[in-house]
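Protein sequence lines correspond, in order, to chains B and W.
Numbering that gives the first Met the number 0 applies: residue 0 is where the first sequence begins, and numbers increase by one.
Numbering that gives the first Met the number 0 applies: residue 0 is where the second sequence begins, and numbers increase by one.
Note that these hints are calculated values from the structure, not bench results.
C-beta atoms are modelled at their ideal positions from N, C-alpha and C, and glycine is treated no differently.
Accuracy of the hints is not assured; some may be wrong.
With a straight-line Cα cutoff of 16 Å, these simulated EDC-like cross-link-like pairs (lysine to aspartate or glutamate) come out [stated by the list, open to error]:
(1) LYS155(B) - GLU224(B)
(2) LYS29(B) - GLU10(B)
(3) LYS240(W) - ASP207(W)
(4) LYS155(W) - GLU251(W)
(5) LYS155(B) - GLU220(B)
(6) LYS75(W) - ASP207(B)
(7) LYS82(W) - ASP296(B)
(8) LYS82(B) - ASP297(W)
(9) LYS370(W) - GLU251(W)
(10) LYS54(W) - ASP346(W)
(11) LYS75(W) - ASP297(B)
(12) LYS155(B) - ASP207(B)
(13) LYS355(W) - GLU13(W)
(14) LYS240(W) - GLU10(W)
(15) LYS222(W) - ASP207(W)
(16) LYS82(W) - ASP207(B)
(17) LYS324(W) - ASP297(B)
(18) LYS75(B) - GLU220(W)
(19) LYS82(B) - GLU198(W)
(20) LYS155(W) - ASP120(W)
(21) LYS370(B) - ASP297(B)
(22) LYS75(B) - ASP193(W)
(23) LYS176(W) - GLU198(W)
(24) LYS240(B) - GLU10(B)
(25) LYS155(W) - ASP72(W)
(26) LYS370(W) - ASP297(W)
(27) LYS324(B) - ASP120(W)
(28) LYS155(W) - ASP207(W)
(29) LYS176(B) - GLU220(B)
(30) LYS176(B) - ASP207(B)
Label-pair ranges, simulated between beta-carbon atoms [stated by the list, open to error]:
(31) ASP346(W) - ASP180(B): 36 to 46 Å
(32) GLN349(W) - ASP52(B): 22 to 32 Å
(33) ARG116(B) - ASN287(W): 26 to 36 Å
(34) SER373(B) - GLU110(W): 55 to 65 Å
Number of protein chains: 2
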Amino acid sequence: MIKPQFSFQIEAQEGRARAGDFTTPHGVLKTPVFAPVGTQATVKAMTPDQLVDLKATLVLANTYHLHLRPGEDLVKEMGGLHKFMGWPGPILTDSGGFQVFSLAENRRIDENGVTFRSHIDGSQQRLDPEISIHIQESLGADIIMAFDECADPYDKQYVHAAMLRTHRWAERCQRAKTRSDQALFGIVQGGIYDDLRQESAEYIASLDFPGNAIGGLSVGETKSEMQSTLNLVDRILPENKPRYLMGVGTPEDLVYGVSRGIDIFDCVLPTRLARHNAALMRYGERLNIVNAQFARDDAPLDRECTCYTCQNFSRAYLRHLVIAKEILAATLLSIHNLHIMISLARDIRQSIVNGKFNEFMAHFHEQVSVKERS
Amino acid sequence: MIKPQFSFQIEAQEGRARAGDFTTPHGVLKTPVFAPVGTQATVKAMTPDQLVDLKATLVLANTYHLHLRPGEDLVKEMGGLHKFMGWPGPILTDSGGFQVFSLAENRRIDENGVTFRSHIDGSQQRLDPEISIHIQESLGADIIMAFDECADPYDKQYVHAAMLRTHRWAERCQRAKTRSDQALFGIVQGGIYDDLRQESAEYIASLDFPGNAIGGLSVGETKSEMQSTLNLVDRILPENKPRYLMGVGTPEDLVYGVSRGIDIFDCVLPTRLARHNAALMRYGERLNIVNAQFARDDAPLDRECTCYTCQNFSRAYLRHLVIAKEILAATLLSIHNLHIMISLARDIRQSIVNGKFNEFMAHFHEQVSVKERS
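Isolated chain B (complex conformation) (with noise of 0.2 Å):
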């Protein structure tokens, strides 16, 4: 008999919080999990060491931007992504869905895809289910996802058209998919509306995906409009598949999001706030190091953290490098950032493991309370 490439055990839960275990062909995955953001095949700034000594597990990567530059082929040719970006664990490609739909004027979509222009040269474009998986396919990744269009979340008729298109693309894909060492996931859409929410969460499980994700969320509706979201798919969506909540987020967020059920996350935010020079905290404060109170602070960016950063540095050292311009100061901020999202992803799971994820989850809302009075 062989063994399936993939499968998801649920190794303890409580409440709707779940601890488990995917298993992909790079590798278990141990849920829940946040996924650094390696959009042009490396995270920025970051060695995959670096990444291993976070001990990050899953990476994404975005098809969008690879498709562009260098190309799926290239990639394919150097041996997949796993080879050329030196990162032996588990992938997850997105549809480049997002990034189009991004563009704005650049796009036009039609019933069969969408034509955009490149955002490097200008060039037209083309992206649809079968190209986006066929794409995806010559990257390599573990997962992979459905080519979805993730529309503006309070044009209710809109959301609506887009959701039945994404229902549509989402088996398309399916047919497209021939390679059976890639997961392919489906994704929810449906705006702030709880009953396309509820229509797509339904359509998206009865397509039987081996995993399911929630799109179009963390793109500008309120946090309780997202929570309500979150509640209402949790109800839907199958219990025994990985669900992935795509693009989300925040401390808060990841807290939030499995205590409804999430297993997967993915966000650029340590990253991004890396690079503009911003440390984030285990409880989602951030920090801005160019502050001229830190300039002769010679704490760590966090006493209790147990990053490289905080280990080694100060924060007058890291202001120093930000204000000289040095590269390290990417590198350092975003190891920080990263660890904090890792670690608390590893620190939930634990707590699910240990049957203590209550009392976690009301120990770090009491925390976000007391730092933001503060």
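Dock chain W against the given chain B, drawing on the hints supplied.
Below, chain W alone, put in the same frame as chain B:
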């Protein structure tokens, strides 16, 4: 009896080449050694951990830059340069002289020192021997340098005057120095003129510094002028003290310098080339990774190289990173380029210990010729 904080033992010698152990308060330097340059208290695009992985032992930092930003008082307050930049091993600071004299129109020299304008904010600044030593004592490196004047090497009258000033300033530096845990090195000047170099070497040697440096090379003179200067100075400087060839240079320069009794080298070349998309090769060749010929080249920069970059990444990937303007390009190319210079110095040392330096040098020059012909 108190153990002296500095000592220099010659472990092996072959011809004029020597393998030494230079003991400093922050560890023993195995010489010959190549020091990466950390101008602003960071070797550009590298973490200290990555330098440790490269087996870097000595790091250089620039007095001029750190005086202007963040200022030596801040560095001192933060516990000194070692702690500030997270480098536990030996550090060398230059005197600021070379940078100030590079400012050309923006500085004015008098017998007492130099007045100049900051390249950062145009503010008027002053450096002289006493100020330079004071700054270097605040920074707290293991090896500090006398404040010298590095003149245009071809203007004999001026070179002569600058050399005499450098000699007077060297004595002032000795008198200004107060810390016993720093070794102050004197600097030989004299441009390309044998009579001046001889006078300078004899004078500086007579001042009995714990180590001696050769300045004013690699500033525009020909290779044979540099070699002739090294031959001459080698016969004069004391053999029982470490010798430092400032700001030099290429793999070929390293091999030649060692054959003339040089122990310490530093140069920005490896990290500067890296930020200009060039890989440095063992025999001095340079490879511009942006060239289209590397677009689909799945080979590493150098198949025989054992550095992290060559063990994990293809030329095609490095080219992609450069074209996509990813920070990781600078990091990975810096790792490779520094490895080339650091491992070359280490291999040279081993060949001296094994009594095989002449063989090593013959093979090296043969390979240089082969590469130049190909």
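Here is how each hint holds up against the structure:
Under the criterion of a C-alpha separation no larger than 16 Å, the hint pairing LYS155(B) with GLU224(B) is consistent with the structure, at around 14 Å. As the CA atoms of LYS29(B) and GLU10(B) are separated by approximately 10 Å, the hinted pair is consistent with the 16 Å bound. With a CA separation close to 9 Å, the supplied pair LYS240(W) and ASP207(W) stays within the 16 Å bound. For a cut-off of 16 Å, the pair hint linking LYS155(W) to GLU251(W) is broken: about 28 Å separates their Cα positions.
As the CA atoms of LYS155(B) and GLU220(B) are separated by approximately 13 Å, the hinted pair is consistent with the 16 Å bound. Using a Cα cut-off of 16 Å, the hinted pair LYS75(W) and ASP207(B) is violated, with the two alpha carbons roughly 63 Å apart. A threshold of 16 Å between alpha carbons decides the hint, and for LYS82(W) with ASP296(B) the separation of about 13 Å falls inside it, so the pair holds. A hinted pair counts as satisfied when its Cα atoms are at most 16 Å apart, and LYS82(B) with ASP297(W) qualifies at roughly 10 Å.
With a C-alpha separation of about 13 Å, the suggested pairing of LYS370(W) with GLU251(W) holds against the 16 Å cut-off. Between LYS54(W) and ASP346(W) the CA atoms are separated by roughly 12 Å; this keeps the pair inside 16 Å, and the hint holds. A hinted pair counts as satisfied when its Cα atoms are at most 16 Å apart, and LYS75(W) with ASP297(B) qualifies at roughly 11 Å. Restraint check for LYS155(B) and ASP207(B): the C-alpha separation of about 27 Å exceeds 16 Å, so the hint is violated.
The straight-line distance between the Cα atoms of LYS355(W) and GLU13(W) is roughly 8 Å, inside the 16 Å bound, and the hint therefore holds. Restraint check for LYS240(W) and GLU10(W): the C-alpha separation of about 13 Å stays at or below 16 Å, so the hint holds. Proposed proximity of LYS222(W) and ASP207(W) is contradicted: the alpha carbons are some 29 Å apart, above 16 Å. Distance hint between LYS82(W) and ASP207(B) is unfulfilled; the C-alpha atoms sit about 56 Å from each other, more than 16 Å.
A distance of roughly 33 Å separates the Cα atoms of LYS324(W) and ASP297(B); the hinted pair therefore is violated under the 16 Å criterion. Pair hint LYS75(B) plus GLU220(W) does not hold up; C-alpha atoms about 49 Å apart against a cutoff of 16 Å. With a C-alpha separation of about 59 Å, the suggested pair LYS82(B) and GLU198(W) falls outside the 16 Å cut-off, and the hint is violated. Of the supplied pair hints, the one linking LYS155(W) and ASP120(W) is violated, its CA atoms being roughly 34 Å apart against a limit of 16 Å.
With a C-alpha separation of about 21 Å, the suggested pairing of LYS370(B) with ASP297(B) is violated against the 16 Å cut-off. Using a Cα cut-off of 16 Å, the hinted pair LYS75(B) and ASP193(W) is violated, with the two alpha carbons roughly 60 Å apart. Distance hint between LYS176(W) and GLU198(W) is unfulfilled; the C-alpha atoms sit about 24 Å from each other, more than 16 Å. This hinted pair checks out: LYS240(B) and GLU10(B) have alpha carbons roughly 13 Å apart, not beyond 16 Å.
Of the pairs offered as hints, the one joining LYS155(W) and ASP72(W) is violated, with about 39 Å between alpha carbons and a cut-off of 16 Å exceeded. For the hint linking LYS370(W) to ASP297(W), the alpha-carbon distance of about 21 Å lies beyond 16 Å, and the restraint is violated. For the hint pairing LYS324(B) with ASP120(W), the CA-to-CA distance comes to about 15 Å; that is within 16 Å, so the pair holds. Distance hint between LYS155(W) and ASP207(W) is unfulfilled; the C-alpha atoms sit about 26 Å from each other, more than 16 Å.
A distance of roughly 32 Å separates the Cα atoms of LYS176(B) and GLU220(B); the hinted pair therefore is violated under the 16 Å criterion. The suggested pairing of LYS176(B) with ASP207(B) holds, with an alpha-carbon distance near 14 Å, which does not exceed 16 Å. The hinted range of 36 to 46 Å is satisfied by ASP346(W) and ASP180(B), whose Cβ atoms lie roughly 43 Å apart. Distance hint check: the CB atoms of GLN349(W) and ASP52(B) are about 30 Å apart, consistent with the given range 22 to 32 Å.
In this structure, ARG116(B) and ASN287(W) meet the distance hint of 26 to 36 Å, their C-beta atoms being roughly 30 Å apart. In this structure the hint that SER373(B) and GLU110(W) lie 55 to 65 Å apart at CB holds, the actual value being about 57 Å.
When held up to the earlier numbered hints, the structure conflicts with 4, 6, 12, 15, 16, 17, 18, 19, 20, 21, 22, 23, 25, 26, 28, 29 and fits the remainder.
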